[in-house]
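Asker: When you get a sec, could you build the whole thing from the sequences and use the hints?
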Amino acid sequence: MLLIHGTNRVAILNTAVVASQNAPVLDISNLHVRFQSADGLVHAVKGVDVQLHQGECLGVVGESGSGKSQTFLAAMGLLAKNGVATGSAMLHGHDLLTVPKHELNTLRGNRIAMIFQDPLTSLTPHLRIGEQMSEVLRVHQGFDSAKAKKTSADWLQRVRIPEAARRLSQYPHELSGGMRQRVMIAMCMLCQPDVLIADEPTTALDVTIQAEILDLMDELRREHKTAIALITHDMGVVARMCDRVQVMRYGEYVEAGVSEQIFYRPEHDYTRMLLEAVPSIPVFDAELNEVASDANVAHSGRRALDANAPVMLQVQDLKVEFAVPGGWFSAPRKLAAVNGISFALSEGETLGVVGESGSGKSTLARAILQLVPASHGTVSWLGSSLGQMDKLHMTGLRRDLQIVFQDPLASLNPSMSIGDSIMEPLRVHEPDLALSERTGRVALMMHRVGLDPTLINRYPHELSGGQNQRVGIARAMILKPKLLICDEAVSALDVSIQAQIIDLIKSLQEEFKLSLIFISHDLSVVYEVAHRIMVMYLGSLVEMAPAVSLFARPQHPYTRQLVSAVPVADPVKERSRQRIRLIGELTSPMDPTARLRFLPSRLQAGEAHHVPAIDECFEGHFVAEHDALESLLMAPSRALL
Amino acid sequence: MIFFRARKQELMAAAIKQSMADAGLAAVRAQNTGGESSENIATAIVGRSLMQDARRRLYANKAAVVSLLVLAVLIVVAFAAPLFIPFNYEDPDWAAFRAPPSLATGHYFGTDQNGRDLLARTLFGTQVSLVVALIATLVSVFIGVSYGAIAGFMGGRIDQAMMRFVDVMYALPYILFVILLMVIFGRNVFLLFAAIGALEWLTMARIVRGQTLSIKQREYIEAARAAGVSNRTIIFRHIVPNLLGPVVIYATLTIPEIIVVESFLSYLGFGIQEPLTSLGTLIAEGADVLEVLPWLLWFPASFLITLLLSLLFIGDGLRDAFDTRDQ
Amino acid sequence: MLSFALKRLLTTIPVLWIAITACFFILRLAPGGPFDGERPLPEAVKRNLEAHYNLDKSLIEQYFIYLGNLLQGDLGPSFINQDFSVSEQLLIGLPYTLIVGGLAFALSIIVGVLAGIAGSLYRNRLPDVALGAFILAGLVIPNFLVAPILQLVFGLQLKWLPVGGWGEGAVTHLVLPVTVLALPHVARISRLTRGAMIEVMHSNYIRTARSKGLSDMRLLMRHAIKPALTPVVSYLGPAASYLLTGSLVVETIFGLPGIGRYFINAALNRDYGMVLGTVVFYMLLIIVLNLIVDIVYAWLDPRVRH
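Residue numbers (the working numbering), protein chains in the order written: chain R, 1 to 641; chain D, 1001 to 1327; chain P, 2001 to 2306.
Please keep in mind that the hints were generated in silico from the structure rather than gathered at the bench. Be a bit skeptical, because a hint or two may be false.
Calculated lysine-lysine pairs in the DSS-like style (CA-CA distance at most 30 Å, straight line) [as the list claims (entries may be wrong)]:
#, chain 1, residue 1, chain 2, residue 2
1, R, Lys-319, R, Lys-480
2, D, Lys-1062, R, Lys-81
3, R, Lys-334, P, Lys-2007
4, P, Lys-2226, R, Lys-81
5, R, Lys-147, P, Lys-2226
Computed from the model, here is a short list of chain R residues facing chain P with C-beta under 8 Å [as the list claims (entries may be wrong)]:
#, residue
6, Gly-109
7, Asn-110
8, Ala-113
9, Phe-116
10, Thr-121
11, Ser-122
12, Leu-123
13, Thr-124
14, Leu-127
15, Val-136
16, Val-139
17, Asp-144
18, Tyr-171
19, Asn-308
20, Ala-309
Quick reminder that beta carbons are idealized off the backbone N, C-alpha and C, glycines included.
Answerer: Below, the structure written as structure tokens:
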């Protein structure tokens, strides 16, 4: 039985699954963390208990500021200088909070290891991978350098890093983010620790890479009986990985239990709220390759689309190329960030655009708004081409075309009050309005987007991320535009705030008959809002289909890989899903053959400049030419559990 | 300025109330805020801008506040006090050669070998040093800001070439150039201002260029462009105000540097010439006779150090006040 | 690495060329020729002298002759001290300047870095506060003020050290000039090191290294020092040129026969040839030093190489 400290002191019966018969390897009890700050004492963690048993994976879930990371940083002795931890954290009979430092140093890195969120900054930049790995073995196991090097290379191979031996002599900046995170995992596993703490290990990574990292961790847990504490905000990741879950808020656990219980029978309101807020992709038992019924395709809880709605935006074979400077003496090369995209958007329709980093989705948004020049193709708004328009006309048209950005704080001028920021489009487009009228309009719009109008003279740094994003939306909506582009507009927000903002955007769309382009790396979020979804890969369209159709019968290998990689917040469904893994890494957009990654047959036939054709395979469901999935698979895909 | 802000806020509060009433929202609002009446709007809406925040932090910094006061006193004394003392900086007092500081003779700082009152000379030297520093700083700010802003706006290869030039210039011993100019064109005070200013702009250029580059990439610039805001307005509403902080901070830190350079040149004999004088010249004269007439060094030296110290503390204080990293 | 060094060298050449050209023409813009002394020379003598110094040729010709000579290491004639060319005079003075400057350079780096690390480790405690006061003094008190004070205290009052002169290079003669020259740079370098160390110690990779169970010593030596030194290294280029400028004062005050003093004397006597030659020589020296600094920088931070 587990006793949970907290306001509610929920006792949870925990008899199944978990190997609770043997003593926990890591036993944290009554842990408090306090920080001395300029504003006084901050009580970040308020007496929590964590027990971690051999071979289990515990999910620690919470939103930002819940103290979930601080709990484990305290156990690792990694708190910031102004932080103090009290309570106990027992590992092998040592209390990690009180052992002298030299003793703590024989435990961490050896019996207990930790993976951090940001793989780009977590490795020492000036030391080679090999040096950083071997020093762990030399310090803890007394290996000589040859033996340490060999073991390091072995582990790099285990975490599926190609050319492991060569990587040892590379520097971190020469590796991609996903690779670096694998190096981190290999480094943590060198001494085969009993406890592995993973603090948001995949948050900074693309979804297909996330899937691989998670599989890897799961494999290690089963093969080496390592106990894993997975700190995350992503309920899908928890559903895939964790045996038990503890939900944290304001430095306390509000609920704890086995995964099935937390997901299917949550008791605490906060847990329920979290689960409801999580957007999720639909999971279909079998592939519906026959023509799905219209009802099936239309069903997804979103507002039905008026079939006679006029076409507002027409994009035709749009290309955006950037010059990438070569050396001092070589000519700049061209990088096609957007490489021939065509689509149309009707009034009141939402088009979701998904793709991983480098897919060109943000560039597409900017090219539509003429914020970056297109090198080829046309963008027409209500029939007139924006590219040929003179500056005055374009400025006039901008009142119809608006955008909301990803980073709420960065998209607001820090030296302007939020009222001034929201008012700015009015100044341009309705310069004759008196100050009081303008202020009135701003106040109304603030009220509409859920901001208290008394905040009008506040500055962005005084507001929260969610509030600032509402400011961004208010600024975009103040002119009542007809097209709104949301560029990762909810990606930087906590799940619960994210859900509120999505609701707000949906209701604004309803009210103003907005056409929406909703760009995100997160398929689940896009599924929540979009009528149709476009999948992009390295600047090209690979598949575009009505939302349900895309998930019910994904055609392109890349889409199928992507869909299969998205974790679903439902443990049973999630663990029975098949993961599709394709050969090869994300290729560089500089590589002219990159767009033939899914058409190796053409490449082998010597047609390096072949442009994959787009076919309509079902009504409204378009897919780019590709080879058969079977010829692109990496290895027989393995069902989890 | 403050009055204007307050007035604007009042107007806005009235406008909000009006429009909320028009839309029948006052009741809704009252409910939302737990019955709080909309009368409170006028008092609730005052926000604190980054500038105001920075000012508050600056005033909380004791060293900076004290330095500000000291600097103010120094400036007032340097420019006003000469009106009230019976000696000027160039005429000898035939009754007092090499006189030590004394309250009785009225030579509070003593006199030099030529019987000139050291207090008058020190005050005059301080004036000269301050004026030189101010003019040269303005020159360097002008050049640095223009150069840095151009490099930052243009970006790409032009930026690279311009900044590489700055890198190399950084390494060159520019004081030698100033000396070269002084040798060739004679010791002209105005040339001195210009030469020092023209060569002290490098750091300013780097800072402004870095800021411009980063501001240019911020999403709020894109948001403004998406709203159809003109380039002119983007520059003056969105870029310039956010450049101001770093420019002010660095200009404050440039002043002491220029004072040192000027004293250095004057000390070597390439700067301010007789009958004019500056703190550097006075120190040079004092150093020669340190053993016998020590006051000739101590007084100008303490003025110089006080000046430099207070400027340094103000600059550091400003930098800490504007640094939002540790918030 | 070699290509990196070559690239750096290539980009400095145009700047050097521009600087030299600017100096040359500024010099020729000077009112009056070098032989327009207070006592006018006989016309024939003057013409002879001008022919000797190529002053009768066109400006462009003179410029190319000057560049050509420069490439052969000839910095031109001195207009006052006609027994020695500029290059010869510089060669005589160079060892003194290099010894004093080199020692001061080494001292600034060693003491500055150590003090900076100590300051960051004992942040806001006594050693750090004491260091802070010292840094402030070093930053604020100019060397032409420190020098006479030290001379007075250690030379004239305590009589521990000589007040000036080369003294055949005896250590006691070097102590004061080297200290005065190094002091402001010790202050700046320790300030830079302290700041960089504090930032590095808060970085994610140091947290990773800690989580690996490394001892504090290992953490410091292997993971922290190198990145903390990068701002110091990039300061060394400007520091070298500040040291040269500083040596003007120090050599004058302590009566050392280095090039700094030649330069000051030449400048005070309006020996245009010597002034131009010295400035060009200084620039060459500085550029070589900067090249070395750049290469060290690339060695410290592998990301720079690409």
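Asker: Was the hint right that Phe-116(R) lines chain P, CB cutoff 8 Å?
Answerer: Since chain P brings a Cβ to about 6 Å from Phe-116(R), closer than 8 Å, the hint holds.
Asker: Grab the minimum C-beta distance from Ala-113(R) to chain P and call the hint holds if it beats 8 Å, violated otherwise.
Answerer: Check passed: Cβ of Ala-113(R) comes within 7 Å of chain P, closer than 8 Å.
Asker: Assess, step by step, whether the Cα of Lys-147(R) is no farther than 30 Å from the Cα of Lys-2226(P), and give holds or violated.
Answerer: Holds, at about 26 Å.
Asker: Holds or violated: the hint that Asp-144(R) contacts chain P, with Cβ atoms closer than 8 Å.
Answerer: violated, 17 Å
Asker: Quick check on the hint: Thr-121(R) CB to chain P CB, less than 8 Å?
Answerer: holds, 4 Å
Asker: Double-check Val-139(R) for me: the hint is only fine if its C-beta lies closer than 8 Å to a C-beta in chain P.
Answerer: Hint on Val-139(R): holds, closest Cβ of chain P at ~6 Å, below 8 Å.
Asker: Hint check: is the beta carbon of Ser-122(R) less than 8 Å from a beta carbon of chain P?
Answerer: holds, 5 Å
Asker: May I ask you to test the interface hint for Tyr-171(R) with respect to chain P, counting a Cβ-Cβ separation under 8 Å as satisfied?
Answerer: Tyr-171(R) check passes; min Cβ-Cβ to chain P is 5 Å, inside 8 Å.
Asker: So, Leu-123(R) near chain P? Judge it on the closest CB pair being under 8 Å.
Answerer: holds, 6 Å
Asker: With the threshold set at 30 Å, check whether the alpha-carbon distance from Lys-1062(D) to Lys-81(R) stays at or below it.
Answerer: holds, 25 Å
Asker: With 8 Å as the cut and Cβ atoms as the points, is Val-136(R) at the interface with chain P?
Answerer: Status holds, d = 5 Å.
Asker: Does Lys-81(R) sit within 30 Å of Lys-2226(P), going by the straight-line distance between their CA atoms?
Answerer: Cα-Cα ~22 Å, so holds.
When each numbered hint is compared with the structure, violations occur for hints 17, 19 and 20.
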